[in-house]
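For the record, the sequence lines run as chains A and B. Under this note's numbering, the first sequence has 11 at position 11, and the numbering climbs by one with no breaks. Under this note's numbering, the second sequence has 14 at position 14, and the numbering climbs by one with no breaks.
Just so you know, these hints were derived from the structure itself, not from any lab. Worth double-checking, as some hints may not be accurate.
In silico lysine to any residue, SDA-like type, Cα no more than 20 Å apart, as pairs [as the list claims (entries may be wrong)]:
| # | chain 1 | residue 1 | chain 2 | residue 2 |
| --- | --- | --- | --- | --- |
| 1 | A | Lys42 | B | Gly42 |
| 2 | A | Lys42 | B | Asp38 |
| 3 | A | Lys42 | B | Lys9 |
| 4 | A | Lys42 | B | Asp26 |
| 5 | A | Lys42 | B | Lys57 |
| 6 | A | Lys106 | B | Gly42 |
| 7 | A | Lys106 | B | Asp38 |
| 8 | A | Lys37 | B | Gly40 |
| 9 | A | Lys109 | B | Thr7 |
| 10 | A | Lys42 | B | Arg109 |
| 11 | A | Lys37 | B | Arg109 |
| 12 | A | Lys37 | B | Met41 |
| 13 | A | Lys42 | B | Asn62 |
| 14 | A | Lys42 | B | Pro39 |
| 15 | A | Lys42 | B | Lys14 |
| 16 | B | Lys14 | B | Ser80 |
| 17 | A | Lys37 | B | Arg72 |
| 18 | B | Lys9 | A | Ser40 |
| 19 | B | Lys9 | B | Thr111 |
| 20 | A | Lys106 | B | Gln11 |
| 21 | A | Lys109 | B | Gly40 |
| 22 | A | Lys37 | B | Ser106 |
| 23 | A | Lys106 | B | Ser80 |
| 24 | A | Lys42 | B | Pro8 |
| 25 | A | Lys37 | B | Val88 |
| 26 | A | Lys42 | B | Ser80 |
| 27 | A | Lys106 | B | Thr86 |
| 28 | B | Lys57 | B | Asp38 |
| 29 | A | Lys106 | B | Ser106 |
| 30 | A | Lys109 | A | Gly16 |
| 31 | A | Lys42 | B | Gly3 |
| 32 | A | Lys106 | B | Pro39 |
Sample of chain B residues facing chain A (criterion: CB under 7 Å; computed from the structure) [claimed, not checked]:
| # | residue |
| --- | --- |
| 33 | Gly42 |
| 34 | Leu43 |
| 35 | Leu45 |
| 36 | Tyr48 |
| 37 | Phe90 |
| 38 | Gly101 |
| 39 | Phe104 |
| 40 | Gly105 |
The model shown is predicted, which means the values in this text are computed figures rather than measured ones. C-beta atoms are modelled at their ideal positions from N, C-alpha and C, and glycine is treated no differently.
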Amino acid sequence: GESVGLHLPTLSVQEGDNSIINCAYSNSASDYFIWYKQESGKGPQFIIDIRSNMDKRQGQRVTVLLNKTVKHLSLQIAATQPGDSAVYFCAVMNYGGSQGNLIFGKGTKLSVKP
Amino acid sequence: NAGVTQTPKFQVLKTGQSMTLQCAQDMNHNSMYWYRQDPGMGLRLIYYSASEGTTDKGEVPNGYNVSRLNKREFSLRLESAAPSQTSVYFCASSEGQGASGYTFGSGTRLTVV
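One chain only, chain A, in its complex shape (with noise of 0.2 Å):
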């Protein structure tokens, strides 16, 4: 089956830097991904996603960028706000066979100093 890490479980940046959020998967033929922004007390929600022929996609101040051959995936926050920190996690799809769900990673806490 498919598994989902994350390398940090919490990451501290400066307003207005840059927030790189990596994330690895196992299973080569993952095709989907995700990425999730979760606030206290709220649900996941969704932020961006790539598909495995793809291996670059953007979005409004977010990048996501697909590593196939490593099977990395990382969400890039340009200019980080306050209201970016939160809980960020990866999430992988496989189509077909018994997996059509999505498996999440762990998280990553990120928290954004004024």
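Following the hints, position chain B against chain A.
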């Protein structure tokens, strides 16, 4: 507002008691899911329903049952609660199994004493 609604938001149970967590979505999604979230463990799938009329076990189904009541509603039942089931429970939905990202509810914080 459109989305996923979970009730209750908080619940305290005694060991051995039963309860049902309710979930409803108004986005006409086909697939619905129940996850539990524990500190340091991320989100783990308990049960899911790929479409109305079907349910399947996820990663951690023991001690739980589910009912897909109709397209909108997917409930999670604890027949005999145990302290190990203390957790935050999230319901989610998606257009279809394996489709784009899930929409999550705001969670139910359950404590079993």
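Unmet hints by their number, sorted upward, for this structure:
5, 9, 13, 15, 17, 20, 23, 26
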